[in-house]
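Asks: Each chain, letter by letter, is given below.
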Amino acid sequence: MSGHDSKYFSTTKKGEIPELKEELNSQYKDKRKDAVKKVIAAMTVGKDVSSLFTDVVNCMQTENLELKKLVYLYLINYAKSQPDLAILAVNTFVKDSQDPNPLIRALAVRTMGCIRVDKITEYLCDPLQKCLKDDDPYVRKTAAVCVAKLFDINAELVEDRGFLEALKDLISDNNPMVVANAVAALAEIQENSTSPVFEINSTTLTKLLTALNECTEWGQVFILDALSKYKATDPREAENIVERVTPRLQHANCAVVLSAVKMILQQMELITSTDVIRNLCKKMAPPLVTLLSAEPEIQYVALRNINLIVQKRPTILAHEIKVFFCKYNDPIYVKMEKLEIMIKLASDRNIDQVLLEFKEYATEVDVDFVRKAVRAIGRCAIKLERAAERCISVLLELIKIKVNYVVQEAIIVIKDIFRRYPNTYESIIATLCESLDTLDEPEAKASMIWIIGEYAERIDNADELLESFLENFPEEPAQVQLQLLTATVKLFLKKPTERPQLMIQVVLQNATVETDNPDLRDRAFIYWRLLSTDPEAAKDVVLAEKPVITDDSNQLEPSLLDELLANISTLSSVYHKPPEAFVTRLKTSVQKTEDDDYVEGSEISVNPNDGATSPQATSSYVPQQAPAAAAPAPVPDLLGDLMGDSAAIVPVDEPVTPSGRPLPVVLPASSGQGLQISAQLTRQDGQVFYSMLLENNSQSVLDGFMIQFNKNSFGLAAVGPLQVPPLQPGSSARTMLPMVLLQNMSTGPTSSLLQVAVKNNQQPVWYFTDKIVLHALFSEDGRMERGTFLETWRSLPDSNEVQKEFTGITITSVESTLDLLAASNMFFIAKRKNGNQDVLYLSAKVPRDVPFLIELTAMVGQPGLKCAVKTPTPEIAPLFFEAVEILFMP
Amino acid sequence: MPVAASAIYFLNLRGDVLINRTYRDDVGGNMVDAFRTHIMQTKELGNCPVRQIGGCSFVYMRISNVYIVIVVSSNANVACGFKFVVEAVALFKSYFGGAFDEDAIRNNFVLIYELLDEIMDFGYPQNLSPEILKLYITQEGVRSPFSSKPKDKPVPNATLQVTGAVGWRREGLSYKKNEVFLDIVESVNLLMSSKGNVLRCDVTGKVLMKCFLSGMPDLKLGLNDKIGLEKESEMKSRPAKSGKTIELDDVTFHQCVNLTRFNSEKTVSFVPPDGEFELMKYRITEGVNLPFRVLPTIKELGRTRMEVNVKVKSVFGAKMFALGVVVKIPVPKQTAKTNFQVTSGRAKYNPSIDCLVWKIRKFPGQTESTLSAEIELISTMGEKKSWTRPPIQMEFQVPMFTASGLRVRFLKVWEKSGYNTVEWVRYITKAGSYEIRC
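Protein sequences appear in the order of chains A and B.
Oh and the first sequence: position 614 is 614 in our numbering, straight run, nothing missing.
When you read off a place in the second sequence, starting at 1, and then add 1000, the result is the number in our numbering.
Simulated from the structure, these hints should not be mistaken for laboratory data.
Be aware that one or more of the hints could be misleading.
One-sided excerpt, in silico: chain B residues whose CB lies under 10 Å from chain A [unchecked claim]:
| no. | residue |
| --- | --- |
| 1 | ASN1020 |
| 2 | VAL1085 |
| 3 | ASN1107 |
| 4 | TYR1113 |
| 5 | GLU1131 |
| 6 | VAL1162 |
| 7 | ALA1165 |
| 8 | THR1204 |
| 9 | MET1216 |
| 10 | THR1245 |
| 11 | ASP1250 |
| 12 | HIS1254 |
| 13 | THR1370 |
| 14 | SER1372 |
| 15 | ARG1389 |
Covered stretches of chain A (chain B as the covering partner; in silico rule of three or more C-beta atoms under 8 Å from a C-beta of chain B) [claimed, not checked]:
| no. | segment |
| --- | --- |
| 16 | 252-260 |
| 17 | 362-374 |
C-beta atoms are modelled at their ideal positions from N, C-alpha and C, and glycine is treated no differently.
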């Protein structure tokens, strides 16, 4: 019985538009109808058929309702782009709105309301006025919605022409569907209007509650949503309303059920009788549970809402935890939400059953789900004191399975359990220590180190364990470094023997001198000063008793919760965010701009893994009362290094012009008394240059330019003199200064810092810092054989691998990326596919012939680039990441 | 605000637009591109059916090989949106006479546009009853129920029926023989632990009706449920008849059922739509009779061998039988060779789903059947994780059996012309998600 419309999609011949034009003007009805169908098909697949506007509109005057509807559909899509031609349609619309057939009258008004062209809107008013009072309810219900459309286009017009009054009259209409649409329109107008338009009083309330019994399922939703804003005057009235609404809970339509639940919850706030409340809770539970047998997407909406409902009224579903057990084939988003609700409903009564479930989930396939299940066990332990021991024993069982991510997740939650129940379960530390080697995620490592430090006095070999972590201190992520620092201090304070003393010296040295991380350095200086001035005070501070944590994660603020509950079944209740947090349109009574395209970038999702629902308990271990003073970081003595050096201060010659993007400004005119310098390291034909642009914005001629580089990590120095001609005021000069490597090496950690001094005869010496861009140093002979690459990669230990993710970088095509990188001497070795991600391997060589292996992972067209490098000197990796940022800068 | 959609897109799996209908001006025309790049082409696709990108939210569902995507920029009613999609698809199916997929959409796009215009106005769902819509939206290929009448002649009071209080039934129907078919279809959902403990068990039932009745009949349905019976005996002030009564956890009704009357009198009374529809749905958790028990034993013998033994027992009446019994027994991915014996039916190893699939066409009540298998595995080198055992899944149908014990006690039909009606009742129990952990 199906149609054969697909043929309309198949005309892809050249000259399609002229052909269609001809067909549209055919004298045969059927041909014209087919042509319009082809136009609609072309419109659907995104072809621009706006040039056929007049021809299509000419087909509008027809007796054939189907053809008329197609022309109207075309009009809705293109009228805005052809406002002048759209006027051609007005006559037909006005005529149609007086047609004896109510279907055509309604169709005309419905379509006119969708055409947002001012001139058409003017002509809409009179037909609309008539249609609001039409004899046929079908026309009236269409006209009611049309008022909301008109309000959206021109609010003033609606008020001036008295449409609001007409709409309010429709609330008393004898047809329930008209009432429902009028309510929907009024509610929407109220929402977008600053003045009171639609206020529900007890008379309208009664009317609407009566209409509720008779109108369609959707009409019930409109009415319930509008009524949920009504505040009953006293508990009696609230009880009455609820009594009228509860039968809706039995409706097969999930939207009706959720809107009824919303309304009942609102009225329950006012009801004082505990019996009534208990009874209502009992009535609401089964319909909510039934929602879980709907389509998975509807289940998801229901679960997000149930999550809110159980926070407000935990008793409703207290006995129903079993229905939230995950089915093996549930989609992941349903499983995650079920898990969240199971944690909320877990109690001493059902915990054994719940733990069995969690344990089962922890052996499933999906890693995210498994992790969440493990965390769930920890959160139950924190929530239910009497069950904590059972939770821990389940966690220990899971650790024994030795699945890496399960172990790591378990350690993270056990740390939280220790903080919740201090001095209770430390006997399990020994078991935890067995898994020490498998930890490779920062959070798990940090948690384990915290445990070792906190309980150093009970772990015989705490010093050994910590020492094993300390070996890689510089390479660890900041989170781990901070924990290592604190744990070592704790160890030292608890066991001030020789070995911890040595350890603490190493750590403090590392954390103060050899790090770029200000947090780490500050914390280290605080400890250092504390330990050196008053060790007893240090003990009081560092070993202070920590406040016991509670499981308040995933609990919403009461006021936010109430707001979300008032929005049950809407997007707001799904996102768990108030509407204003994601609805960008403003309340307005004037015409709005029609430019509402989406903004790239800002993206939020309700992925169960994101921050908003992360079950991490508070874990700030630095005592808050620590003194804030820290020793200032040593400032390098540039002047001494610079001027004391014997290397040439060089005179000037003629400029060279490099190509590419503008050079970054290193010395702005404001700090250079009018002299502005832009510069960057570049590479050309195997030679490193310092490409410079000097601009004289001062009032006088500047001449006698000289340049000097401070000692740096790569020993960069100028080969010859800086060759810049005298600069007239307002003029500029470019130059390429040849550079050599490995000349004046600095000691200390590798950094991209390049300190430069420039002087001339008229001004004082200017000092500025620039960044060494690593890709300028990659040599031309960095290409490797595939075999060598693999061998080198394997021969290097994993600790030499450094990774970073760039969320802001988008790879648009693999080829252009490879070209870009090849231009900077990063040579393509191999490529493979990982899912829909591309993994690229490249090789390069840094000065002193050190190989540099690169692995890039990205999905073409998607933001996000993962970058891993492996090299014998991993300390230069951060420089590489800076280079990546520069290279991929849009 | 009960707006359900600002725009609706139908996309195929490649992301090509099959249908697009914009209802409101607050979303731009390029929104579908955002959906393609930010959701379809990423892992996000199966992760969450409601997503925000920029100022717009996407609410989407996949139905066969089509994505139906709702775009909104206001705080829309999502439940309403999803339900609208579900109902709209049911409506399209009823028009196409069967499948809803990419081909069906392409072949009926004019009709779909016409329907989309009718069933939603400015983002507000309107009447979606196929019965009524077919009165005035007819297409070549779709035969109007009044097929004998000439086409394109408007049904005189169609508009009144769309908006009328009985918006799901048209007037003036007439049948020579007045018949009602009633099907009680129950799905048993079970989650059983490997030790045979029932972790979760419930029955979701449906009462499906097919009505061929003249005029505007009033129907009343009586079941052997507890509340209904109690209310009845209370009203007639005589003790309830003995016999099994069923406690329904929850009931939901088709919009034709008068809910207020159900609430006060506990009777299911309604004016039915013509033809087939789902009258009610219910859920029962207490006193479920499980039709099958499954006893699995799986032994891993070293790294390369496994022994599987599954015994299935039917526990319904000996005179009844189950049809289409399928037991899916999971095996590890690296299965190399399987050897098995079954006492009835046939078994096969299906590597694409990593399962032994054991099919028994007819399974009599009060009997048992066993499968024993030996499985050889490819020994893998660095097997990091032990095999996570998915549950055994089972499919079956047992005619004339209800797991809940629910029975129809009466179905009364009143019509002013006072005709006689023939009523037919069938019962069937199917497997929902019937899972046994092993």
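Asks: Now, for every hint given, state plainly whether the structure supports it.
Replies: Checked hints:
no., hint, verdict
1, ASN1020, "holds (6 Å)"
2, VAL1085, "holds (8 Å)"
3, ASN1107, "holds (5 Å)"
4, TYR1113, "holds (6 Å)"
5, GLU1131, "violated (13 Å)"
6, VAL1162, "holds (6 Å)"
7, ALA1165, "holds (5 Å)"
8, THR1204, "holds (5 Å)"
9, MET1216, "violated (15 Å)"
10, THR1245, "violated (17 Å)"
11, ASP1250, "holds (3 Å)"
12, HIS1254, "holds (6 Å)"
13, THR1370, "violated (24 Å)"
14, SER1372, "violated (24 Å)"
15, ARG1389, "holds (8 Å)"
16, 252-260, "holds (count 7)"
17, 362-374, "holds (count 3)"
Consistency note: the structure conflicts with the earlier hints numbered 5, 9, 10, 13, 14.
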